[in-house]
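Engineer: Sequences listed follow chains E and S, in order.
Here the first sequence stands for residues 1 to 316, where the numbers follow my numbering.
Here the second sequence stands for residues 1001 to 1302, where the numbers follow my numbering.
Misleading hints may appear alongside valid ones.
[Said to hold, decoys possible] A short, non-exhaustive set of chain E residues, derived as facing chain S with CB atoms under 7 Å:
hint: 1; residue: Phe32
hint: 2; residue: Gly33
hint: 3; residue: Asn45
hint: 4; residue: Gly62
hint: 5; residue: Ile79
hint: 6; residue: Gln82
hint: 7; residue: Val84
hint: 8; residue: Ala88
hint: 9; residue: Asp91
hint: 10; residue: Gly225
hint: 11; residue: Phe277
hint: 12; residue: Pro280
Hints are computed from structural coordinates only; laboratory data are not their basis.
Heads up, the beta-carbon is just placed ideally off N, CA and C, and yes, glycines get one too.
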Amino acid sequence: MIRKAKQKPPNLTIDLAGISLRNPVMVASGTFGYGEEYAELIDLNRLGAIVTKTITLKPRLGNEPPRIVETASGILNSIGLQNVGINAFIDEKLPFLREYDVPLIVSIAGETPDEYVELAKTLREEKIEGLELNLSCPNIKYDRKLMFAQDPKATHRVVSRVRKATNLPLIVKLSPNVTDIAFIAKMCEEAGADGISLINTFVGMAIDVESGEPMLHQITGGLSGPAIKPIAVRMVYEVHKSVEIPIIGMGGIITAGDALEFIIAGAKAVAIGTGNFVDPRAPIKVIDGIREHMIKNKIKDIKSMVGSLKCPKGSL
Amino acid sequence: MTLLSQGVQNFLESFRKEGLHETETVDEVGNSRGAGMLQIDAKILINEEIAPERYKMVLSAPQIARQARPGQFIHVKVSDSYTPLLRRPFSVHRVEGQKIELLYKVVGKGTEILSRKKRGEYLDILGPLGKGYWLPAATSRISDIILVAGGTGVASLLFLAESIAVPNSELSVLVLIGAKNREELLCEGDFRRLGCRVQVATENGTRGYKGLVSDLLEKCLPLSGDGSKRLVFACGPPEMLKRIGEVSRKHRFPCQVSLEERLACGVGACLGCVVKAKGSTYTYKRVCKDGPVFSAGELVWE
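One chain only, chain E, in its complex shape (with noise of 0.2 Å):
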């Protein structure tokens, strides 16, 4: 009788822009601050990479309370981009993360284009492994009624400066607020960015019917969690279609059959938000839970599902 040889383990290894990530699961900023919080709980080694909370040139107090708010599925924030700022990141919080053996990818976003361009300057000799840019935080308008993300022209003009400032992977982290994701992220392509972070928060509200007052400070808020799944989804697929570059696919992932559903749509990792909060352990489950089922599967590699969508005959 012949033995069947033993399945070798899956291959869950990609490049990512460049960065080598051990699997493609990451945990998206803003939701893991900067690393400490988690690593009592998780082992930050088995990540594929980490997001840091975004970064501004000076510290920022954030916004009045009440912030946060659970909605169906979801939640609403309005954090205000409250962070250290870039230099005691670099001298407080930098030392820590580097620790570990995990890739770093530096989150940033500023109110004008010279503003990531001097942060992008500034982490240049930092020991980093790419950059983000949020051009989408909801509680940053760069001509007080846009977001970056939601304005082509802008957004060539901030990836492209800052394409010319440093020579570290580029991810741009774009909104789902806009009409036309793909438009906007195929301009992230054309003026330099190694990848495109799909998605941020949905901008929503929710309303005290009682007091007739709205549930956070600043009225409106970013909506996240599972709730913006199948949304997060579609733009991924859209994305895809549009542009070579790698994406980075996040919006309520929880499991590990919500990061499939963003890898089959085009997505070369992925990243856990608002699922942290939910269970630490999740993006730990989501890596465990991905190569179980390669291996139910007999996928050999992870790159071979990336964009494997199989469309229906006669589908669009």
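We have chain E; now place chain S onto it with these hints.
Structural biologist: Chain S alone, transformed into the frame defined by chain E:
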């Protein structure tokens, strides 16, 4: 009495130490950092209604029981569905051996689901979290402690009372418990059994002092001895804590308040649960990580 857990022993040790300053104690007493927070599946041993809409839950959670300090909390995943999505925080009410107790009131969907959990089921919990009660600079020995509880705010204060009243019999502990009516008064007997003096206040006057427990506190002050040896710990609804903060400022005694807030992550990452604290202008502190216990004087009450 019961065997004291490691967490409580550490708390007492720091409590006896002199020369600790408020700001320095933040990392030494009750902060979960270093002590190690855990995520475990805890078996439900008891979940019973002890008063209308008030439940006591006993969980088997050896490691958390060992480390938990008065004022700390656990973050409970009440549902496997996404309704509700977020965990719910509960103060540690008591620790006994390998067990921790919670005391909660049904206030919404999350606590309603929790109240229907049966003995033998498991709960995914995170803890111990947050910074608990601590002892401020002991220039003169504190001898006169007042605990002020509003509603289910008694939960964390019983744990505190068990930590300080049992072994330190020379310490005078006065407990003021407030509720809307007599049916909602909780834990009076528990505090008395520990040797604490207890006074109660009900808003409708069906037992004890008629009115707010914060007014009862002010009324009790002249009788409770030397103010310089006094220390007040309070837990309850925001309005009550604000009022007690004012009383503490007026009468110049140190006061710690344990805040109740809706939390998302519970571990200090999301910055969703902040309160305004004094700074050069002001700053924001995280209820889940920098608190839930704060010095009343460090907060900006609005």
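Engineer: Would you list, in rising numerical order, the hints stated earlier that this structure does not obey?
Structural biologist: 3, 7, 8 and 9
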